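Protein chains: 2
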Amino acid sequence: MTTQTTLAAVADFHSVVQSRRSVRRYEPDFRIPREELETIIERAAKAAPSSSNMQPWRFLVVTDPELKQRMLPVANNQQQVVNASAVLVLLADKQMYEKADEIYGAARDAGYMTEELSRQFAENSRRTYSSIPAERLLEIIVFDAGLVAMQLMLQARAMGYDTVPMGGYNREALRELLAIPDRYHPTILLPIGKAAVPGHPTARLPISGLTYWNTIE
Amino acid sequence: MTTQTTLAAVADFHSVVQSRRSVRRYEPDFRIPREELETIIERAAKAAPSSSNMQPWRFLVVTDPELKQRMLPVANNQQQVVNASAVLVLLADKQMYEKADEIYGAARDAGYMTEELSRQFAENSRRTYSSIPAERLLEIIVFDAGLVAMQLMLQARAMGYDTVPMGGYNREALRELLAIPDRYHPTILLPIGKAAVPGHPTARLPISGLTYWNTIE
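Heads up: the sequence lines are chains Y and L, in that order. Residue 1 is where the first sequence starts when you use my numbering, and the numbers rise one by one after that. Residue 218 is where the second sequence starts when you use my numbering, and the numbers rise one by one after that.
Everything labelled a hint here was simulated from the structure, so no lab data went into it. Treat the hints with care, as some may be off.
[Unchecked claim] Calculated cross-link-like contacts (lysine-lysine; reagent style DSS-like; alpha-carbon spacing at most 25 Å):
| no. | chain 1 | residue 1 | chain 2 | residue 2 |
| --- | --- | --- | --- | --- |
| 1 | Y | K94 | Y | K46 |
| 2 | Y | K194 | Y | K94 |
| 3 | Y | K46 | L | K311 |
| 4 | L | K411 | L | K311 |
| 5 | L | K263 | Y | K194 |
| 6 | L | K263 | L | K311 |
| 7 | Y | K94 | L | K311 |
Computed from a predicted structure; not experimentally measured.
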C-alpha cells in the first residue's frame, strides 16, 4: 500500500494536504461505510466558513449502484462515477437564507449571542440575501460551496480515501435524473472512494506570476 | 498563549482544521515576514485543484500601512483590514485560459504528459474557456477561488496565524483604490495576522438536514 491509502488517524496536516490528488480510478467493489461518509461530510460542513454563516451547501450522496450507472452518460462516460463508492453531488441552496432563524437561534441557544442580537442577525441575513441580485447571490453560494468542497476532499484524504472534483457534466440531465429542485444549484460532482490507481501530480504555475504586492503592475 | 497560536511545525490535521476560526481582532504591530506570506500562498496555490488545472486565482497582497488605511472605508470600516498584517485580495482571472500553454507546457516538461497531449489539452482549454458564456466562466473561477481560499486559511492556521474571509465590501471602490483591471474578478478580502482576541465558534446546522441519500425527498 502507498502513503495515499495508509494515513493514520492522527494525520499530519501537510501530509494530508500534499497527498491529495485527483484520483480517477477506483476499486469498484470497495464500499465506504455510510457512517464514514457521514463523518467526512459532517467534519467538512462544520469546519468551513460561509458568508454570514449561512452554510448554503447541501449534499446529495449517490451510493445506489443502479443510480450511479445512470449517471455515467450524464458525466460524459467518466467511469469514476460508477466505480467510486459514492458520488457526492454538491448543491448550493439559492434560498439558504430561509435557515437564518435556525442558524442564529442555535447560536443563541449555545450562548454565542443574546436573544436580541440573534434575532437581528437572522433578520438582516434574511433581508439581505433574499433581495440581492440573483447573480450576486449565486456567486456567494458558489464560492462557499468551493470552501466546503476543499474541506470534503481533505477530510476524505485524512481518512485514507480519494476524490476527484468534476465540473464537466450535463447539468440539465443531472437535474432531471436526480429530480433536483430549482432552488438547488449543482456545483461539482465529487466521487469518493478507494483509489485503484494513484492520482498523478499536476504542473503548477510559478507563484511569482500569480502574486502582486500592493499594486498590480 | 492559547492553542490558537502555538501549533507546531508538524501540525495535526484535525487540530489545524478545528482551530481555524474567523478572527476579527489582530495585533496591530505584528508583521508577518513576507517570506512566510509567500509560503502560505505558495502552499495553498500548489495544493488546491482547479477546473482543467487552469489555476485561475491571483493574489493581490496589501501590506502597505497607508494603503490598508485607505481600504478601511472600502471594507465598511471593519478594523481588521488595518490591524491584520496583510490583506490578501483574492482575484479570479476571467482570462485564465491564456495561461493554458504555460500550464500544459510545464506538464510536458515535467514528464506528466507527451508533447502532443499537452498541446491538445492547452488548445482544448483555451477554446473551451474562451467561448463559454460569461456567467458560466465566472461560476467556474469563483468556485475554484473558494477552493484556494479554504487552503489559504488552513495554511495560515498551520503556521500559527489567523484569517477572516470578508465578502462584504464595496467592490467598485476596491477596484478603483487598487486599480484592479477588469479581467480580475475580486472575490473575498482575506486579512491574515496574529490574533489579539481569539475567534468564537459558530452555530452549525445539524448535518442530517443538509444531506440527502440518493434522492431529495
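Structure-based check of each hint:
1. A C-alpha spacing of about 20 Å is found between K94(Y) and K46(Y), which places the hinted pair at or below 25 Å, so the restraint holds.
2. With a C-alpha separation of about 32 Å, the suggested pairing of K194(Y) with K94(Y) is violated against the 25 Å cut-off.
3. At roughly 31 Å between alpha-carbon atoms, K46(Y) and K311(L) are farther apart than 25 Å, so this suggested pair is violated.
4. Taking the CA atoms of K411(L) and K311(L), the gap is about 32 Å. The hint is violated against a cut of 25 Å.
5. About 23 Å separates the Cα atoms of K263(L) and K194(Y), which keeps this hinted pair within 25 Å; it holds.
6. In summary, the hint linking K263(L) to K311(L) is supported, as the alpha carbons are separated by about 20 Å, within the 25 Å threshold.
7. Taking the CA atoms of K94(Y) and K311(L), the gap is near 24 Å; set against the 25 Å cutoff, the hint holds.
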